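Asks: These are the residues of each chain, in order.
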Amino acid sequence: MNAKQIDQQQLLKDEKDPLTHTPVHLLSLEKVGKHYGNIVALTDVTMAVDNGRVTCVLGDNGAGKSTLIKIIAGLHRHDEGVLHVMGEERKFDSPRDALDAGIATVYQDLAVVPLMPIWRNFFLGSELTSGFGPFKSLDVQKMKDITKKELAEMGIDLRDVEQPIGQLSGGERQCVAIARAVYFGAKVLILDEPTAALGVKQSGVVLRYILQARDRGLGVIFITHNPHHAFPVGDRFLLLKRGKSIGYYDKKDITLDELTAQMAGGAELAELAHELEQLGGHGDVVKEVQAEVAGTASQLPA
Amino acid sequence: MTMTPTMTKPAVVDERVGKRNPLQQLLGRPEVGALVGAIVLFIFFAAVSQTFIQPNAFATVLYGSSTIGIMAVGVSLLMIGGEFDLSTGVAVISSALTASMFSWYFSMNVWVGVILALVVSLSIGFINGWILMKTKLPSFIVTLATFLMLTGLNLGLTRLIGGGVSSPSISTMDGYESAQAVFSSSVNIAGVDVKNTVFIWIALVAVASWVLLRTKVGNWIFAVGGDANAARAVGVPVKATKIGLFMAVGFCGWILGMHNLFAFDAVQSGEGVGNEFLYIIAAVIGGCLLTGGYGSAVGGAIGAFIFGMANKGIVYAQWNPDWFKFFLGLMLLLATIVNLIVKRRADSSKG
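Top to bottom, those sequences are chains A and B. Position one of the first sequence corresponds to residue 77 (this note's numbering), numbered consecutively onward. Position one of the second sequence corresponds to residue 878 (this note's numbering), numbered consecutively onward.
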């Protein structure tokens, strides 16, 4: 594997922040680590997120992806390293802190309350009110209208904003969550395995919304274990394994093939094929494993 | 026979939206099952008993309903918020005992006791909620413990301070008259005496409904009950909301406790045990899901009304009251099954 790794110091050193004209990342992590008691969940992770770019975090189950986003989303505090938001060092105490800093997360389990109507979910935690003092009441009509409009802008043709969100399909729910984050002025959008539970078509729909969010100028962190979903939309790829970073690449420096090989234990698969051959295993089995190794490249999404 | 083309369908409507007529829309409400039950029950008792529909008798039914209903408001909100409270029955008595014993022991104006009782009631709610949030134990365990402790405290402290099983009479003390006027009086409407608890009850239901459906806090209550983790992730103050709900239950308990005290002038220290289930039953019959996230304050009120009708109706129909409990159990079972169907329908994903 000869793909060139990203040097954080060099990354975007020529680009300036549009507001402050200083070279600064929207969000950056330097050697961040987290342990739960004596269990080390994450060590030495370095990554950066910028406007209008998709940073993919790839890793198998237990690689530390969830821990990483929980740190960025404010659910856990990191124990080592530093986290910068717009060049300022931060440590989030609560999801509210992260939200206020412009970091919105769309969770794997979606962070929606299934029994509540779509519009109530859309505005949950940031409700619009009118009136004063103790007589502040929800501006229901306005919230319904905005929900409908925002979702339409994301290309989601909604049936009825009054229906419980639990009745929507998985892809639609993802889209509501993404639209919500975009509406509430998120600068960084974290998507935790948005395509994990979805079929091929629905995954495609969600990937399109990721690009739409990117084109709106958001910095997107896309967490997935599927390189075929990550590669077409990602600009940068951070690979995690057993809580450690095993690679950090720019799109121009890596191919899907290499990404898949590193990510899904391609090297181990190749090793396994070799080993099987040596042991005189059945030719079919060896071929199958080899085909698996090679075949991943041909599965490029159209 | 000629085929008449029926092409007058409105084209603007999204074809995926099945036509929802007002009836179907109504059937989607949490309290509709209870409402149908209440109407059926009303017609039933009106048919079997002439007395039941007499204004005076009906005022009695309303009064009986209100003593359950006042608590059911708080308990319903709490249940929508995903918790329940087993200590409510005895907490009502604790509140009444606090007011009467304190005023009596220190020979103070009863209003001082009344205010102190409010503080105690809110504190019980706060402690319940706070322990629950700190320990993350199920509310069943925490409030069962509170229930047992309060039961013991009620009996123990009453004997220790007053020397009996009942609080001493406070009817001659300062402020008794005015407190009685506030917490336990009657309003004459067209020749019928209606207890003021009925109006307190209705006012509480109205306020609770408004909070639930038209305020931020109401949105949070649904959210913490529906999915506390999701709520936390989008920035809802889950702990504060839940603790607040327990305190709201405490507040309702205080009102009912004060009514119990001033309806007579003393309280039995052993009372209240078992009443917590009546409040929970009222909320469940009214369409609140035991698992939280779904229900309404109006539903709890209808549940309490069903309870009141059944309770008094059996008497007016001159049946043996032994049947009451059986009937209550049956209602509870039916209501829970209806709720289950509602929840399954709402949960079913079409993807």
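Keep in mind the hints are simulated off the structure, nothing from the lab. Only a predicted model underlies this, so the values are computations on that prediction, with no experimental measurement involved. Each hint should be verified, as a subset may be incorrect.
Derived lysine to aspartate or glutamate pairs resembling DMTMM-like cross-links, with alpha carbons at most 20 Å apart [what the hints assert, rightly or not]:
1. A/Lys327 <-> A/Glu351
2. B/Lys1093 <-> A/Asp333
3. B/Lys1011 <-> A/Asp169
4. B/Lys1116 <-> A/Asp233
5. B/Lys1116 <-> A/Asp173
6. A/Lys320 <-> A/Asp173
7. A/Lys263 <-> A/Asp221
8. A/Lys107 <-> A/Asp155
9. B/Lys1093 <-> A/Asp176
10. A/Lys317 <-> A/Asp291
11. A/Lys277 <-> A/Glu334
12. A/Lys107 <-> A/Asp326
13. B/Lys1093 <-> A/Asp215
14. A/Lys263 <-> A/Asp311
15. A/Lys107 <-> A/Asp176
16. A/Lys320 <-> A/Glu334
17. A/Lys107 <-> A/Asp120
18. B/Lys1093 <-> A/Asp221
Asks: Are there hints from earlier that the structure breaks, and if so, what are their numbers?
Replies: 1, 2, 4, 6, 7, 10, 11, 15
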